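K.L.:
Next come the chains, spelled out residue by residue.
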Amino acid sequence: MKTVSDTRIVVVGNGMVGYKFCEKLLSRKKDGQQFAITVFGEEPRAAYDRVHLSEFFAGKSADDLSMAGAGWYAENGIRLFLSDPVVDIDREEKLVRSHHGHIVYYDYLVMATGSGAFVPSIPGVEKDGVFVYRTIEDLELIQSYAKKARKGAVLGGGLLGLEAAKALLDLGLEEAHVVEFAPRLMPRQIDDAGSRMLQSQLESLGLQIHLSKSTQEIKGGDCIEGMQFGDNTFLDVDMLVISAGIRPRDEIAKIAGLETHPRGGIVVNNQLQTSDPFIFAIGECALAHHMIYGLIAPGYEMADVVATMLTGGEKEFLPYDMSTKLKLIGTDVASFGDPFVEEPACKTIRYENKAKGVYKRINVSADGKTLLGGILVGEAEQYNMLLQTCKAKTILPPDSEDLILGSRGGEEAGAGVMSLPDDALICSCEAVTKGMICHEVGENGHTTIDALKKCCKAGTGCGGCIPMVKDLIGGVLKEKGVYVRNVVCEHFDYSRQELLDLVKMNGLKTYGAVLDHHGKGDGCEVCKPLVASLLASLWNENILTKDLAVAQDSNDRYLANIQKGGTYSVVPRIPGGEITPEKLIVIGQVAQKYNLYTKITGGQRIDLFGAHLGDLPDIWEELIDAGFESGHAYGKSLRTVKSCVGSTWCRFGVQDSVSFAIEVEDRYKGLRSPHKLKSAVSGCVRECAEAQSKDFGIIATEKGWNLFVCGNGGSKPQHAQLLATDVDKETCLRLIDRFLMFYIKTADPLTRTATWLNKMEGGMNYLKAVVVDDVLGIGAELERDMQNLIDVYKCEWREVVESPELRKRFTHFVNTPIKDPTITFEGMREQKRATEWA
Amino acid sequence: MACSVDDIPENGGGCAFISGKQIAIFNFARRGEWYATDNQCPHRQQMAIARGMIGSQNEEPKVACPFHKKTFSLQTGQCLNDDEYRINTFPVMVKENRVYVAL
Chain W
633 MKTVSDTRIV VVGNGMVGYK FCEKLLSRKK DGQQFAITVF GEEPRAAYDR VHLSEFFAGK
693 SADDLSMAGA GWYAENGIRL FLSDPVVDID REEKLVRSHH GHIVYYDYLV MATGSGAFVP
753 SIPGVEKDGV FVYRTIEDLE LIQSYAKKAR KGAVLGGGLL GLEAAKALLD LGLEEAHVVE
813 FAPRLMPRQI DDAGSRMLQS QLESLGLQIH LSKSTQEIKG GDCIEGMQFG DNTFLDVDML
873 VISAGIRPRD EIAKIAGLET HPRGGIVVNN QLQTSDPFIF AIGECALAHH MIYGLIAPGY
933 EMADVVATML TGGEKEFLPY DMSTKLKLIG TDVASFGDPF VEEPACKTIR YENKAKGVYK
993 RINVSADGKT LLGGILVGEA EQYNMLLQTC KAKTILPPDS EDLILGSRGG EEAGAGVMSL
1053 PDDALICSCE AVTKGMICHE VGENGHTTID ALKKCCKAGT GCGGCIPMVK DLIGGVLKEK
1113 GVYVRNVVCE HFDYSRQELL DLVKMNGLKT YGAVLDHHGK GDGCEVCKPL VASLLASLWN
1173 ENILTKDLAV AQDSNDRYLA NIQKGGTYSV VPRIPGGEIT PEKLIVIGQV AQKYNLYTKI
1233 TGGQRIDLFG AHLGDLPDIW EELIDAGFES GHAYGKSLRT VKSCVGSTWC RFGVQDSVSF
1293 AIEVEDRYKG LRSPHKLKSA VSGCVRECAE AQSKDFGIIA TEKGWNLFVC GNGGSKPQHA
1353 QLLATDVDKE TCLRLIDRFL MFYIKTADPL TRTATWLNKM EGGMNYLKAV VVDDVLGIGA
1413 ELERDMQNLI DVYKCEWREV VESPELRKRF THFVNTPIKD PTITFEGMRE QKRATEWA
Chain G
76 MACSVDDIPE NGGGCAFISG KQIAIFNFAR RGEWYATDNQ CPHRQQMAIA RGMIGSQNEE
136 PKVACPFHKK TFSLQTGQCL NDDEYRINTF PVMVKENRVY VAL
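Protein sequence lines correspond, in order, to chains W and G.
Sequential numbering of the first sequence, starting at 633, is according to my numbering.
Sequential numbering of the second sequence, starting at 76, is according to my numbering.
Among the clues, some could well be false.
To be verified - Derived DMTMM-like pairs: lysine to aspartate or glutamate, alpha-carbon spacing no greater than 25 Å straight-line: (1) Lys726(W) / Glu674(W); (2) Lys1451(W) / Glu159(G); (3) Lys1440(W) / Asp81(G); (4) Lys1178(W) / Glu108(G); (5) Lys1440(W) / Asp82(G); (6) Lys1110(W) / Asp1082(W); (7) Lys144(G) / Asp1380(W); (8) Lys1440(W) / Glu1253(W); (9) Lys1178(W) / Asp158(G); (10) Lys170(G) / Glu1437(W); (11) Lys96(G) / Glu1210(W); (12) Lys1152(W) / Glu85(G); (13) Lys1451(W) / Glu85(G); (14) Lys144(G) / Glu1468(W); (15) Lys1141(W) / Asp158(G); (16) Lys1178(W) / Glu1130(W); (17) Lys1196(W) / Glu171(G); (18) Lys1440(W) / Asp158(G).
As the list claims (entries may be wrong) - So these bits of chain W aren't anywhere near chain G, every CB distance computed over 12 Å: (19) His732; (20) Thr1212; (21) Asp1452.
Since the hints were made in silico from the structure, they are not lab data.
The structure displayed is predicted, hence computed values, not measured ones.
Using N, Cα and C, we set each Cβ at its ideal position, and we do this for glycine too.
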C-alpha cells in the first residue's frame, strides 16, 4: 500500500533499460526507503532481451527472451501497464496520462522510451512487404510475410542490419541481400579492410552484399517488387527490412516541453536529468555527452546512475566506452577503444589471413607504450584482454604484435587476466570489476559461473565476459591452491608424486611397508587407495594380494562396481568394441543365469548389473572360460578404446581403426593411473569414435595417424589437443607410452589428463617438449617403465577365479553362505532395477 | 560366537549374520584391536560398512562407508564427517581363534 512517505516514481517505457532501472532501484533501496513504482509500456509484452532478438528466428520463444516473468513486477510491488503508452506529461501537476486514461502522479519521472527504427523517406516505403526490425511484433510480421517471399533485402549494413540479414537467412529465403549506403559494412565499428574480410565471410554463407548503394525508390504496386538505386541499377526483391539506424523516441518529451536535440534525443546532464530536474532520461532516448548511446551496457549504466541518485547516493554518467564484440552470422566482430585513429597519432599493426577469414588491427600509441584501440574480425578471443589493456592503459610489452598474434615460441605472453588491476571492468553490462569477482571466488567460495551470476550478476547481460570470468575463477583458485604443496593426508606428509618416487626407490610393495617407511598413524580411506594405486602403477601386481585388498577402494576391492542396494556390476573387456556372436551369446546366457540387468555402455561394451557379491567369482569363471578378461571398469585404469568401423567396412575410412584400437586396448589394459583413462581410434577425419574427447585419441590420416591427448568428456568437456601428426603406428604407441607414464608419474591424485594439462606450467608446449622432443631425456626410461608393466599384465579376475584363497573373500556373510537378505529389486521394462534409496 | 579369526582379513572387515542381524566385524591388526558395528550405514541404509576401509583420524580408529565415504568412529559409532549420523558399536572378544560379539 502506498503511504505518505512513499516516493512515487513513474517509468515511461518498459524496454531493457527501463526494466533494469526497476531492478537496480529495488536492489539499491535502503532500509526505510519506500517507492511506489509505476511502469508504462507501449508493447504488449513485458521487457525482453532485444539484443538477442534475432534468436527469435533461430528457435527462441518470446518467453525465452523475457527479462523477467510477469510475476516479477507484482512480487516487487510494481504496477505495470502494458500496451498503454504515456501520451501526456503535466509537469506543473507532476502527473502522466496514459493512452487508456490512467492518471498517475509522480515525484520523479524516468523516461526510458528507447528508440524506434529510423525509416528514410524513400518513395514507396509504405508498400506491403517493407518492414522495420525492432520489436517481437515486427519479427512476427516478417515471419509471416516471409512464407510467401523468395527474395529479401535489408536496407542498412550496420550492426542491426546484419542481425536482420541473419534473420532472413534463418527464415529460409532463397536470396538474402544487404544494401548499404556507405562503402563498407558496419561503418561505425570497423575499417575498410575489416569490412572486406567480414563481407567475404558473409558472402560465403549466402548473403549478397551491395555497398555504396543509395536507394532512390521502392518499386511495385501494393507490394514491393524491387529497389531502384541511384546508379541506375535495380534489385529484384519481394520483401525489405529497413534497418538504417535508430531514432530516439522523444516525441512525448517534446510535447511536454523538455529540451530535445534537433536531430533527436532528450538532452540530459551528467546526472541524466532533463531540463526538468524531476524528470530523468535513460537509454537510447537520452542524449548524453552530445551523443545517443545505442548499446546495452551504457544503457544499464544510466539506469544505475539514476537508481543510485534516487536512493540517496551520488553518481555521474561519464562518457562511456563504446567497444563491442558480437557474433554476426557466425563471424566474430569486435571493435574497441578508438578503432580508427590513424598514423602519425599512433602506430598501427595489422594482421590479415584471408584463408581463415581473420583480420586484426591494433592501434598502439606513438610512444609504443599503450593500446589506443583496435578491430577484430573472424576471431575475437583476445577481445576482453585487449579491451582491458586499452582501458587500463597497461604498459605494453616490447613486442606489441604479440597481443594479436600470440607469442611465437617461448612462454605465453603476459600473465593473462590475473595481471589486470582490481578495478578493471570485466562485466560491463552489470559493472562488475575484477576485484569483485576475485573476492566472490576467493572469499565467498563462489567458484562457478552460475554461482557468480547469482551473487554479483556478472555475465548475465550480453554474456561476452564469461570466458574471462572463467579465467578469473581458474586464476584465483590457482593462486590459492596449486602452489601449495599438496600432501596426501594426515598420514603422509608427501605429495603423490614424491611418494611415488620414494616407493619406487625403496622397492616397497605393500601398503603396510609404505606406511611404516614413509607415513604415520594407521592410514585412512584417502591414502590407502592412493598408495594401492601407486603400487599398481609401479609393479602391476594383483591388487588383492599381500595386504592390498583391504587398502583398495570398494570397487577395486571386489573387482566390480558397487551399485545402489549393494550389488555389483560386471563389465567384461570387449577390445575396440569388436565382439563375436559366440561371445555375445555367452554374455546373454550369463545374464540370464544370474538374473542380471544388461545395458550397452558409452564405451562400446556391455554392463551386467545386479550381481550378488557372492556370485561374482562364478560369473567371472564362466566369462573367462568363454575367453573374456576383466574390463577394469571398476578401476582408476584404462577403460576402453572405442573405435569406429574403419576402412575394413566403411566407404570413407582411410585406415583400419578397429585393428589399431584392439592393439592399443590390449597394450594398455590393466594399466593403473591417477584417474581413469579413456581412448578411441577413428578411421578418418569424420571422427565417429569421438577420439578428441578422450585422454588419448587417435585419428587416421592418409599418411598415418594423428595423436591427440588430454581430452575429456564429463561435466567439463575439453577437446583433446594435437600431440603428433601423421605418425606411423610404432611411433604413435611410443608417444602414448611416454605420455601415459609421464602422466602417471606427475599427476595429482584423482586428476584426469585434461586437468593435469590445464595445471601444467607451460601447458601443451611443455608436454610436447617432454613427450615428443624428449627435452628432459626421460623418454627411454618412460618407455621402459611402460614395457615392464605391459610384460607382467595378468587378468586379475582370472587370478581370483583360480585362487581359492582370494575367492573366499567374495561373500556377503563370513559365517553363512546365504546372500544379503536385504537386497531387493523392482521390475522395469522386462528387466530389473535397484530399489530406490530409502 | 560370530566367526573365526581367519574369516576377517587383517586390517579389514567382514559381515557376520548374528541373531538375524548384520554385524560388521573389523580386525584392526595394525593396532591389535577388534571392533564390531552395525553393517548398515544410516546415510542411505546400505548394508556395506563391513566392506569399508578402516583407518585412523588423529588417534581415533574409524571406518569409511564405501558408498559415500561417511566415516564412523569404531569406538563410539559417531559419524566423524556428519554430526547427524551414528552407528551402534558392540564389544568384541577373541579367544582361541574365535571371535565373539556381544549384542
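K.L.:
Which hints, by number, does the structure contradict?
P.N.:
2, 9, 11, 15, 17, 18 and 21
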